[in-house]
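Engineer: Each chain is listed here by its residues.
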Amino acid sequence: MKSLHPLTWWIWSLLTIGAVIRADSSWLAGSAMAVAAILVWRFAVAAPWAKSFWFSLKIGVFILIIRTLVGVLIGVPIPGTKLVTVPIVPLPHWLAGIRIGGVITQERLLSSIHEGLIIIAVISLFGAAVSLTSPHKLLRVTPVAIYEFGVATVIATSALPNLVQSVTRIRRARALRGDEKPSWRSIALPLLEDSLSRSLELAAAMDARGFGVSRKRSRYRPITWHGLDSAIVLTSAALLAVTLAVVR
Amino acid sequence: MINFSRVSLVYPTSTKTILEDLSFEISEGEMVLVIGSTGTGKSSLLRLINGLVPHHTGGILAGDISVAGISTRLVRPGELSHLVGIVGQNPAQGFVTDIVEEELAFGMEALNIAPDLMRKRVEEILDLLALSHLRDRAISTLSGGEQQRVAIGSALVMNPKVLVLDEPTSALDPIAAEEVLSILHRLVHDLSLTVVIAEHRLERVIGFADRIIHIAGDGSAEINLPEEILKRSDIAPPIVHLARALGLSQVGLSVRDVRRMTDDIRANGKDLEVFEPTQGEVAISTAKLSLSYQGKLALHDVTTNIYNGEIVALMGRNGAGKSSLLTTLVGLNNEAKGSSQICGLNSKDLKGKTRREKVGFIPQEPSDLLYGQSVKGECAQADKDNECAAGTALALLERIVPAIDPDTHPRDLSEGQRLALALAIVLSAQPQVLILDEPTRGLDYQAKTLLITLLKSFAKELNRSVLIATHDVELVAELCDRVIFLAEGEVVADGPTLEILLSSPAFAPQVAKVMSPRPWLTVSDVLRAVAQ
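These protein sequence lines are chains S and A, in that order. Numbering-wise (numbering that gives the first Met the number 0), the first sequence opens with residue 0 and increments by one. Numbering-wise (numbering that gives the first Met the number 0), the second sequence opens with residue 0 and increments by one.
Calculated directly from the structure, the hints in this document are not laboratory data. It is possible that some hints are incorrect.
Stated by the list, open to error - Heads up, simulated DSBU-like pairs for lysine-lysine below, C-alpha to C-alpha not over 30 Å straight-line:
hint: 1; chain 1: A; residue 1: K347; chain 2: S; residue 2: K57
hint: 2; chain 1: A; residue 1: K357; chain 2: S; residue 2: K180
hint: 3; chain 1: A; residue 1: K336; chain 2: A; residue 2: K352
hint: 4; chain 1: A; residue 1: K459; chain 2: A; residue 2: K287
hint: 5; chain 1: A; residue 1: K347; chain 2: A; residue 2: K512
hint: 6; chain 1: A; residue 1: K375; chain 2: S; residue 2: K180
hint: 7; chain 1: A; residue 1: K347; chain 2: S; residue 2: K180
hint: 8; chain 1: A; residue 1: K287; chain 2: A; residue 2: K383
Taking the hints into account, I'd like the entire structure generated from these sequences.
Structural biologist: Printed below as a string of structure tokens:
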């Protein structure tokens, strides 16, 4: 594939996220995720950041489950078809208005899942953009005027892929200690340390090499915007336009 | 060129003075080596030169540092980028782009240098560092030595007056290290570049250094000629230890110098008796083991046996398949073909407790194994896992490295201490086989000696086997009985340490080079030969 402009997939995914939120439809959220998955599967290069999408999907599913449980068990019931009844947890009287447990209706379950789906879609579209764009290339198009932002962007965009790499490495090491299914808590500490030190190292390297010293930057190889870039961005722009026009 | 006047440094969250009242001057075209134990502030000293410390780390800096007349206190590190090039300990973490050519151009782009000038300089650097054939490659696909060269190139492309390198050869095999160092040597001589370099493996760099800065660890530091420093310092390469042990009048720094002084020893030394190793039971056995990643062959038909009581080194160039073999042995690569067994069990079947009891593995980053909040907690977890009496692991750690405060956080330990902790945890399960991946990376001589004693007693007294992947020929000479040499995933040589190390000049330890053609690898070999 011809190399695309580094901002293309970012613009595409931001516009699509806009459309998904605006349309508020789980059908659209689902298909956007499916399209993103196909794109990543087809076009992502074999680079450490390419795994970010699948990682973000996992995080999304985790959030969906938690949200659904919380949404179903706590809060105001929505009347409708009754599925099951969970015993109500007695709460002190000053917590009036909040209820844990009670009747779970189909409507309440569906609305929770629906909201969760929108959230997964947003997270995974962001993950897709990270997977499809080299964070290094992205840096080169960031204007120098927003220096701090540039550094932050590079660190943020390289942090997720680094995280994925570190998780794999640490899990393997842990399995060797006889800990086949290490808990998240036990991975989190070395992980945090690892990604923090990497990010600091990268920031120091950028600083030492003069990033942000000059207001203007020259280009060794110009990064050009091709017709294909416009086409990709147009598809999502069209989607957003449609949702803006149709959904009231 | 570089001027330190009365420099003291304290980091914000610590009470320890890293450097105290340090004054020295480095002139143009000098190559200065910074030595010191781990955690004494070598990296801090290097980063002071371009102002990353304290601009990037915080900390209190007293005194003044100037490079080519510019005080680092007054400018940001970036504004010195045309004067000082810096190459970090782990170049892979400092790359900002992903293609070799773009990486080289990054610094110049940031300084808004005109495109045609950039093109010219990039071409020059590609030629100088022999990188032309790699120009379009993705950096992540390069070998360690190539990455190191790219990192040096992207610093040099700015035409700096000073080049600062933090352990540039620690991850490299002897041949790649030699390449990198000879390039630096040429730059110093041809372009009058000033080079400041920190390194633990003195045997690799000592021949190139004009002066040495020795950081003692209590804040004081000494700068002097290499001969003067090495006369007294406890940090010294094997040939200096050799000169001291033999009572030579001078310390020679090159193999040639010491050879001249030891003619009679080579002539009169007695032959050492060769110990026939008694072969124990098979501990590790592989047959036709192959592994490929994404269509690339990492291991090809590896067939070998390792016996109880044996210490075996796994050597080979960067990317030869050493780590792949180790991880396959311990059962982390399930897609491997052929058989690999540890103590009669298939590697793939090793799980949980059995795995701990059969094989202990120390990965390249020992801290991956650690997750407790304190040394004490870490050891308690190991005791619980292994169902042994409380305090077993801690007692073991105490034996390896005395006087570690049990309440310390593992993150705050030095490199050597962290390795010791990982070893204590792994060994407390009493594994039959111990496997280590590059254990001496970043270790100082003291920690290395400790490691050698420990592994020897583990293998010989308990009759267990040890397998080490390493680039460190001095370690292999001191420790190992046998060497397996890998190239492109195949075993190309397998035999006694003496035979394998002496057969290739690049992998011969320093003492062997001095004593060639006599087959003595270490200082103690020579002493035994003389004493007989």
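Engineer: For every hint, state whether the structure bears it out.
Structural biologist: Hint by hint, here is what the structure shows:
{"no.": "1", "hint": "A:K347 / S:K57", "in the structure": "holds (27 Å)"}
{"no.": "2", "hint": "A:K357 / S:K180", "in the structure": "holds (19 Å)"}
{"no.": "3", "hint": "A:K336 / A:K352", "in the structure": "holds (25 Å)"}
{"no.": "4", "hint": "A:K459 / A:K287", "in the structure": "holds (29 Å)"}
{"no.": "5", "hint": "A:K347 / A:K512", "in the structure": "violated (42 Å)"}
{"no.": "6", "hint": "A:K375 / S:K180", "in the structure": "holds (23 Å)"}
{"no.": "7", "hint": "A:K347 / S:K180", "in the structure": "holds (16 Å)"}
{"no.": "8", "hint": "A:K287 / A:K383", "in the structure": "violated (38 Å)"}
Of the numbered hints given earlier, the model fails hints 5 and 8; all others are met.
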